[in-house]
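Protein chains: 2
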Amino acid sequence: MATSVHNALSTQEKLLRAREAASKTAQLSTAKKNSLLEKMAQAVESEHKSILSANQEDLDSSSLEGAMRDRLVLTPKRIAEMAQALRDIAKLADPVGQTIKEWTRPNGLHIRKVRVPLGVIGIIYESRPNVTVDTVALTIKTGNAIVLRGGKEAVHSNQRLVEILSSVPGVPEGAIELLDSSSRASVQELIQARGFVDVIIPRGGQQLIDYVIENATVPVIETGAGNCHIFVDESADLQMADSIVINAKVQRPSVCNAAEKLLIHQNIAAEYLPRIVGKLLERGVEVRGDEQTRKLAGAEKVRAAEAKDWTEEYLRLCIAIKVVADVDEAIAHINHYSTRHSDAIVTADEKRAHHFMRLVDSAAVLWNASTRFVDGGEFGFGAEMGISNQKLHCRGPFALEELTSSKYEVIGSGHVRG
Amino acid sequence: MATSVHNALSTQEKLLRAREAASKTAQLSTAKKNSLLEKMAQAVESEHKSILSANQEDLDSSSLEGAMRDRLVLTPKRIAEMAQALRDIAKLADPVGQTIKEWTRPNGLHIRKVRVPLGVIGIIYESRPNVTVDTVALTIKTGNAIVLRGGKEAVHSNQRLVEILSSVPGVPEGAIELLDSSSRASVQELIQARGFVDVIIPRGGQQLIDYVIENATVPVIETGAGNCHIFVDESADLQMADSIVINAKVQRPSVCNAAEKLLIHQNIAAEYLPRIVGKLLERGVEVRGDEQTRKLAGAEKVRAAEAKDWTEEYLRLCIAIKVVADVDEAIAHINHYSTRHSDAIVTADEKRAHHFMRLVDSAAVLWNASTRFVDGGEFGFGAEMGISNQKLHCRGPFALEELTSSKYEVIGSGHVRG
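For the record, the sequence lines run as chains A and B. If you count the first sequence from 1, position 293 lands on 293 in the numbering used here, and the numbers rise without skipping. If you count the second sequence from 1, position 398 lands on 398 in the numbering used here, and the numbers rise without skipping.
Warning: the hint list may mix true and false statements.
What the hints assert, rightly or not - Distance windows between CB atoms, simulated:
| id | chain 1 | residue 1 | chain 2 | residue 2 | range |
| --- | --- | --- | --- | --- | --- |
| 1 | B | Gln266 | A | Lys101 | 34 to 42 Å |
| 2 | A | Gly195 | B | Gln188 | 19 to 27 Å |
| 3 | B | Lys24 | A | Pro169 | 52 to 60 Å |
| 4 | A | Gln207 | B | Asn215 | 20 to 28 Å |
| 5 | A | Asn107 | B | Leu238 | 40 to 48 Å |
| 6 | A | Glu401 | B | Ser46 | 20 to 28 Å |
| 7 | B | His110 | A | Gly278 | 29 to 37 Å |
| 8 | B | Glu13 | A | Thr99 | 40 to 48 Å |
| 9 | A | Gln266 | B | Ala80 | 52 to 60 Å |
| 10 | A | Arg275 | B | His110 | 27 to 35 Å |
| 11 | B | Glu401 | A | Lys32 | 28 to 36 Å |
| 12 | A | Gly97 | B | Glu13 | 46 to 54 Å |
Stated by the list, open to error - Below, computed lysine to aspartate or glutamate pairings styled on DMTMM-like, alpha-carbon distance capped at 25 Å:
| id | chain 1 | residue 1 | chain 2 | residue 2 |
| --- | --- | --- | --- | --- |
| 13 | A | Lys32 | B | Asp328 |
| 14 | A | Lys39 | A | Asp88 |
| 15 | A | Lys101 | B | Glu286 |
| 16 | A | Lys113 | B | Asp94 |
| 17 | A | Lys113 | B | Asp328 |
| 18 | A | Lys113 | B | Glu38 |
Unchecked claim - Listing some non-contacts, in silico: residues in chain B with all C-beta distances to chain A over 12 Å:
| id | residue |
| --- | --- |
| 19 | Glu57 |
| 20 | Val155 |
| 21 | Val168 |
| 22 | Ala299 |
| 23 | Arg417 |
The hints are simulated quantities; they were obtained by calculation from the structure and are not laboratory data. The beta-carbon is built from N, C-alpha and C at its ideal position, and this holds for glycine as well.
Please build the complete structure, drawing on both the sequences and the hints.
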């Protein structure tokens with residue numbers, strides 16, 4: 001049986017298969033890639049029972065609880081969503097083959113920069129099995145081969161999903177490889193496979209990302225934590241500020257684009273602080289603050305913020321508030337403490353808004369909008385591979401286009417250099 | 001004196017200064033940056049005596065000989081060229097602040113992707129002191145701070161140049177830092193300075209590049225070796241093939257875009273092989289070849305190629321020739337042995353040319369042009385930081401634009417997520 005043979009391969013053999021497959025996936029036409037994604041969607045639907053049963057094996061042997069366990073659970077609805085994701089990605093524009101720019105040199109040499117697949121993409125991720133399907137869809141759509149290294153808690157679900165996706169007729173052999181998740185050895189081999197893998201994308205907690213960055217020799221796209229700030233300026237529409245602060249903190253506190261810190265202009269602090277603290281407390285948010293905040297909002301309502309509060313990504317219903325002298329103090333505070341993910345200003349002053357957006361050195365800077373919008377789907381990318389926290393290659397939410405590289409085509413008529 | 005104080009700083013202190021300077025260089029206007037470059041050019045000119053005398057100190061204590069010593073030597077002409085490079089880069093368009101794209105979402109949210117500086121750029125390089133000036137010019141033009149780690153053989157020249165460039169009035173303190181070159185300790189600190197340095201660009205031999213890639217935790221732009229191929233197709237204009245092969249091999253054999261391998265279509269091998277081998281030998285090129293090549297061109301003229309000849313980057317007047325059955329064998333050979341730098345086809349068959357350019361997985365693919373054109377200057381970039389051999393961030397020759405990152409500006413009117 002294909003599966004057992006497949007499992008018998010070493011990591012090295014799987015990487016070699018992926019490298020060879022990448023030269024085939026790179027040549028697939030857009031129509032062919034879309035047809036493969038549609039067939040994958042059908043296969044996921046028709047195999048939903050075996051997926052659920054593989055998932056049950058994972059759940060039976062899992063000691064995870066609560067939200068962590070929930071991330072692992074598959075249901076008929078979640079499987080239908082997987083199939084839908086495959087179809088949605090099929091509908092997006094194919095970046096491969098696009099001419100990024102072209103020009104002719106004075107000597108007549110014509111140069112064209114065209115978009116090409118990256119090659120082999122390595123993904124290291126944790127529990128959620130839908131990541132398996134989403135990332136396969138994004139990488140196949142962009143003509144890449146993919147090597148997946150999922151979490152051991154989802155081993156049966158991932159194994160079944162990869163079997164289903166990779167056995168769709170027309171998928172080049174080796175284009176979707178799943179590595180052994182029982183030990184860190186496969187992670188180590190994957191991230192050091194220079195020449196076999198073109199980029200590693202770690203999706204998971206900070207510990208995983210740090211491990212990958214410290215040990216990889218293959219280039220990495222670093223995704224990461226969001227210690228996101230909202231600065232409420234003295235000229236802000238306070239009702240607008242209320243709704244943005246509440247939305248950014250409360251709507252989904254466990255994600256990286258949720259707000260963690262609130263900075264308030266001193267000129268409105270006496271009016272606005274008691275009001276927003278009240279609203280946050282009403283919604284079950286724990287409020288911490290600097291001395292000024294505690295004085296104005298009431299020390300009994302606000303726990304004294306410690307040094308580490310200004311750097312911490314809470315990922316839960318907790319916020320730390322600081323009163324600042326002006327927009328420049330807000331900018332300096334953000335550039336010092338932010339993880340450079342997403343930071344927002346609420347102001348009616350256009351000049352100040354642009355000053356803030358220019359000077360805050362983050363992947364996304366927002367004016368009068370909730371930080372929760374920093375997301376591939378909300379940006380209109382139709383999908384998201386992650387949110388890059390580095391400056392190289394791509395920064396902020398990234399999807400199809402960022403899974404490509406480029407190549408120069410140089411056309412002469414016997415040109416030689418003098 | 002500023003110099004001695006500066007030298008007394010630790011690597012860590014210099015990196016911190018650079019990090020802080022980057023927030024200032026990022027805000028310099030184009031006019032201000034161009035004016036700094038002009039002032040730097042004037043300072044290099046007016047200080048040419050002290051530069052020459054510092055360079056003499058390096059030469060006096062150097063044991064380098066021949067071409068390696070020549071790379072280190074400064075002359076009044078070379079100093080004038082440094083000043084010219086600064087002025088040339090001042091004239092180029094400033095990519096910082098450009099809107100890469102912008103769009104409005106159906107909910108009214110306006111999103112703008114703008115070009116911003118990378119931040120702090122670390123350069124590790126070997127002997128040539130002009131690299132000090134060129135890279136400072138490119139990084140200052142793009143609003144970045146730069147940390148230089150030059151070779152110990154050029155320590156006095158680099159020290160003097162950095163003193164001159166960094167003391168131009170208006171250059172933010174810490175924007176141009178030079179690290180100690182007496183040991184590898186500073187390299188190690190630089191390449192692991194996550195959070196302080198945004199990208200490392202190693203410019204030098206393969207050993208240096210490998211060391212950086214294996215030890216860096218900061219993202220790297222890998223530049224590297226060029227085992228470049230020319231495939232002469234059966235339909236090639238043979239006179240054109242002659243001039244391209246000779247130019248690519250002979251014009252400057254020591255550089256990465258020189259041709260190292262020649263593949264010849266079997267249908268023209270009997271006619272073309274003796275001819276091109278004769279022309280190469282006339283120009284002092286050592287010719288190696290496969291069995292077929294030796295048979296057709298004469299075994300006494302062609303040394304038998306060994307396995308390692310197909311992978312080696314000679315960087316001298318030596319070439320290895322192989323007869324191939326067709327364009328697909330040429331493509332397969334190139335994709336197997338090439339360093340994916342620059343590979344060319346000479347053919348009169350347009351369809352075959354496009355087939356070759358699409359399937360050869362190299363940074364640059366050329367049709368009827370010498371591989372020697374793969375160069376930032378020849379591409380019209382006005383300058384070159386290097387030639388990237390990786391697929392992430394940039395691929396092929398890169399200059400100003402590739403020294404930038406991007407940021408998303410998101411503008412709402414009180415937008416919150418539902």
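To see whether the hints hold, each was checked on the structure:
no. : hint                              : verdict
1   : B:Gln266 <-> A:Lys101: 34 to 42 Å : 38 Å, holds
2   : A:Gly195 <-> B:Gln188: 19 to 27 Å : 24 Å, holds
3   : B:Lys24 <-> A:Pro169: 52 to 60 Å  : 58 Å, holds
4   : A:Gln207 <-> B:Asn215: 20 to 28 Å : 21 Å, holds
5   : A:Asn107 <-> B:Leu238: 40 to 48 Å : 22 Å, violated
6   : A:Glu401 <-> B:Ser46: 20 to 28 Å  : 48 Å, violated
7   : B:His110 <-> A:Gly278: 29 to 37 Å : 32 Å, holds
8   : B:Glu13 <-> A:Thr99: 40 to 48 Å   : 47 Å, holds
9   : A:Gln266 <-> B:Ala80: 52 to 60 Å  : 56 Å, holds
10  : A:Arg275 <-> B:His110: 27 to 35 Å : 29 Å, holds
11  : B:Glu401 <-> A:Lys32: 28 to 36 Å  : 33 Å, holds
12  : A:Gly97 <-> B:Glu13: 46 to 54 Å   : 49 Å, holds
13  : A:Lys32 <-> B:Asp328              : 22 Å, holds
14  : A:Lys39 <-> A:Asp88               : 13 Å, holds
15  : A:Lys101 <-> B:Glu286             : 39 Å, violated
16  : A:Lys113 <-> B:Asp94              : 20 Å, holds
17  : A:Lys113 <-> B:Asp328             : 23 Å, holds
18  : A:Lys113 <-> B:Glu38              : 32 Å, violated
19  : Glu57                             : 36 Å, holds
20  : Val155                            : 29 Å, holds
21  : Val168                            : 24 Å, holds
22  : Ala299                            : 30 Å, holds
23  : Arg417                            : 4 Å, violated
Hint check: violations occur at hints 5, 6, 15, 18 and 23; the rest are consistent with the structure.
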